[in-house]
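**Student:** Spelled out, the chains give:
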Amino acid sequence: MKRISPAITQLIAVGCLWTFTLLTLSILLFIIAYILIQGLPWLSWEFLSQAPESMGRRGGIFPMIVGTFMVAGLAVLIAAPIGIATAVYLTEYTREGKFTFIVRFGADCLAGIPSIIYGLFGFVFFAIALGMGLSVISGALTLTLMILPTIVRTAEEAIRAVPPAYREASYGLGSTRWQMVTRVVLPLALPGICTGIVLSLGRSISETAAVMLTAGSALRMPHSLSDSTRTLALHFYILSREGLSMDKAYATASVLILLILALNLFAYWLMRQVTRRNG
Amino acid sequence: MMPPEQNSPVIEVQNLTVTSYDRTILDGLSLPVYKNERLAIIGPSNSGKTTFLRCLNRLNDLQHSFKVSGTILLNGSNIFDPGADTAQLRRKVGMVYAVPVPLPWSIYENLVYGPRLAGVRDKNRLDELVETSLQSAFLWGEVKDRLHMPAKNLSGGQQQRLCLARVLALEPEVLILDEPCSALDPISTAKIEDALFELKSRLAIVLVTNNTKQAARASDRTAFFLMGKLIEMKETGRLFTNPSDKRTNDYLVGQFG
Numbered sequence: 000m001k002r003i004s005p006a007i008t009q010l011i012a013v014g015c016l017w018t019f020t021l022l023t024l025s026i027l028l029f030i031i032a033y034i035l036i037q038g039l040p041w042l043s044w045e046f047l048s049q050a051p052e053s054m055g056r057r058g059g060i061f062p063m064i065v066g067t068f069m070v071a072g073l074a075v076l077i078a079a080p081i082g083i084a085t086a087v088y089l090t091e092y093t094r095e096g097k098f099t100f101i102v103r104f105g106a107d108c109l110a111g112i113p114s115i116i117y118g119l120f121g122f123v124f125f126a127i128a129l130g131m132g133l134s135v136i137s138g139a140l141t142l143t144l145m146i147l148p149t150i151v152r153t154a155e156e157a158i159r160a161v162p163p164a165y166r167e168a169s170y171g172l173g174s175t176r177w178q179m180v181t182r183v184v185l186p187l188a189l190p191g192i193c194t195g196i197v198l199s200l201g202r203s204i205s206e207t208a209a210v211m212l213t214a215g216s217a218l219r220m221p222h223s224l225s226d227s228t229r230t231l232a233l234h235f236y237i238l239s240r241e242g243l244s245m246d247k248a249y250a251t252a253s254v255l256i257l258l259i260l261a262l263n264l265f266a267y268w269l270m271r272q273v274t275r276r277n278g
Numbered sequence: 000m001m002p003p004e005q006n007s008p009v010i011e012v013q014n015l016t017v018t019s020y021d022r023t024i025l026d027g028l029s030l031p032v033y034k035n036e037r038l039a040i041i042g043p044s045n046s047g048k049t050t051f052l053r054c055l056n057r058l059n060d061l062q063h064s065f066k067v068s069g070t071i072l073l074n075g076s077n078i079f080d081p082g083a084d085t086a087q088l089r090r091k092v093g094m095v096y097a098v099p100v101p102l103p104w105s106i107y108e109n110l111v112y113g114p115r116l117a118g119v120r121d122k123n124r125l126d127e128l129v130e131t132s133l134q135s136a137f138l139w140g141e142v143k144d145r146l147h148m149p150a151k152n153l154s155g156g157q158q159q160r161l162c163l164a165r166v167l168a169l170e171p172e173v174l175i176l177d178e179p180c181s182a183l184d185p186i187s188t189a190k191i192e193d194a195l196f197e198l199k200s201r202l203a204i205v206l207v208t209n210n211t212k213q214a215a216r217a218s219d220r221t222a223f224f225l226m227g228k229l230i231e232m233k234e235t236g237r238l239f240t241n242p243s244d245k246r247t248n249d250y251l252v253g254q255f256g
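Going down the list, the protein sequences come from chains A and B.
With numbering that gives the first Met the number 0 applied, the first sequence closes on residue 278, and no number is skipped along the way.
With numbering that gives the first Met the number 0 applied, the second sequence closes on residue 256, and no number is skipped along the way.
Chain A extracted, bound-state conformation (with noise of 0.2 Å):
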């Protein structure tokens, strides 16, 4: 059998990776566009501003953007002092050991949990036994639940980058721990620990199947912790899953779709400006 040459080889090579990029990269632009395209064209200021009227078919969406904030809002704002807590903990007061390991290996596996398992725990959990109801609180719970993994994971990887020299710097000045950390790690550290929230932000801002079981799917605006929502990746759901307005469903999509861009760019700028300060 006659060789390849090297330079065919190397050719082959390099149009195979370029397509295979390509292939991702197209696939990805093609289901944002294709979903921005269905619904942009309905996407209006009435239609962000208004309440919905028989079951979604008219009307607009904004008591479940006011819902999704809600709900995905209180989840981070409990979450992140937890999760932040915990990770300053995990790195700063503790030893590696078996405590750590547990605590790492528990949140990797919390992590790996189907989102839909979450939904039944809260359900059960807050809904039910607590007495919470379907409401915008038993939601928050249950998605706090499933973003403090990732919180604790990124805000660890943060506080870790700050190197070690600024700790000895900073002992050698006679500060404590506690000064050491909330005066030199954490606000290094603190871009990074941010990027984790935002992007704990845009995961619960999307997540539909724990919020169906927790929070619900009332069409009303929330007006307490404890009433029922519905949020916008739950609606878009629903109407599509019901056949209520395929063109409600696209332009709901759509917002889902632009928030989400939005954040993920709002945590890659914040991700540069830790790269910059600390390169």
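Treat the hints with caution; some may be incorrect.
To be verified - Partial list, derived from the structure: chain A residues whose beta carbon lies under 8 Å from chain B:
| hint | residue |
| --- | --- |
| 1 | Arg94 |
| 2 | Ala160 |
| 3 | Ala164 |
| 4 | Tyr165 |
| 5 | Glu167 |
| 6 | Tyr170 |
| 7 | Gly171 |
| 8 | Leu172 |
| 9 | Gly173 |
| 10 | Ser174 |
| 11 | Gln178 |
| 12 | Val183 |
| 13 | Leu187 |
To be verified - Chain B stretches covered by chain A per the calculated footprint, using a threshold of three residues with CB under 8 Å from any CB of chain A:
| hint | segment |
| --- | --- |
| 14 | 34–41 |
| 15 | 58–69 |
| 16 | 100–107 |
| 17 | 113–119 |
| 18 | 241–248 |
Stated by the list, open to error - Calculated Cβ distances over 12 Å to all of chain A for the following chain B residues:
| hint | residue |
| --- | --- |
| 19 | Asp84 |
| 20 | Ala86 |
| 21 | Arg124 |
| 22 | Asn209 |
| 23 | Gln213 |
None of these hints come from the bench; they were simulated from the model.
It should be emphasised that the depicted structure is a prediction, and the values quoted were computed from it without experimental measurement.
Positions of the beta carbon are idealized from the N, C-alpha and C atoms, including for glycine.
Take the given structure of chain A and dock chain B to it, following the hints.
**Tutor:** Here is chain B on its own, set in the frame of chain A:
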């Protein structure tokens, strides 16, 4: 000037032993450090010089595997006492590291960090500390017009003098330096040595160095460490011209190390 031996020691190290797992890093060291002197510690690598220095301000506490025994008296009280305040200790025994590590802030912020932690709030007092400590570190003239510039923008030699100034702003009683010039050019080294000469009038200085010439130039007494033991310690001129231990002589003439 009064020979240092006639003062009472600021630091009295007694039978200091440090082990890590099965390894003995420091082996029953005892030595005094006097006010108004520059004590140089020389010895080959792995002789325990840095570990010794990091015992003096208890920075070794961060090394979990280290087991420390013995006493170190600072002005008569044992720094290893259970109730001893390590933050306070590190203000009294200020340390300069081998590699300058300016914190990622401005020159001014680097200098006032320690004093602020110590509770100094008054702006005038802080400004005064910044100026006097930069002057003592021979850096004031070069940075006085750009105190709010990031400390990272300084050259390596300037950064090390900033680290010296930052420690001086704590108004320590003892200054400990861990090979402070190992990463510096000869001119920056000379500036640090000049600063140390001026500083000994108000504090005690312990200088760990890998450079025997620096020990000869910039110290009053020299201690020779070998494998965690104090082999010999005497007045610098005498140690270099007339060492009493053969191992000291071998090290100084370059037989090993």
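**Student:** Each hint needs a verdict: does it hold in this structure or not?
**Tutor:** These are the hints, each one checked on the structure:
| no. | hint | in the structure |
| --- | --- | --- |
| 1 | Arg94 | 6 Å, holds |
| 2 | Ala160 | 12 Å, violated |
| 3 | Ala164 | 4 Å, holds |
| 4 | Tyr165 | 6 Å, holds |
| 5 | Glu167 | 7 Å, holds |
| 6 | Tyr170 | 6 Å, holds |
| 7 | Gly171 | 5 Å, holds |
| 8 | Leu172 | 4 Å, holds |
| 9 | Gly173 | 4 Å, holds |
| 10 | Ser174 | 5 Å, holds |
| 11 | Gln178 | 6 Å, holds |
| 12 | Val183 | 6 Å, holds |
| 13 | Leu187 | 7 Å, holds |
| 14 | 34–41 | violated (count 0) |
| 15 | 58–69 | holds (count 3) |
| 16 | 100–107 | holds (count 3) |
| 17 | 113–119 | holds (count 3) |
| 18 | 241–248 | violated (count 0) |
| 19 | Asp84 | 9 Å, violated |
| 20 | Ala86 | 5 Å, violated |
| 21 | Arg124 | 16 Å, holds |
| 22 | Asn209 | 19 Å, holds |
| 23 | Gln213 | 22 Å, holds |
The structure does not agree with the numbered hints 2, 14, 18, 19 and 20 stated previously, though it agrees with the rest.
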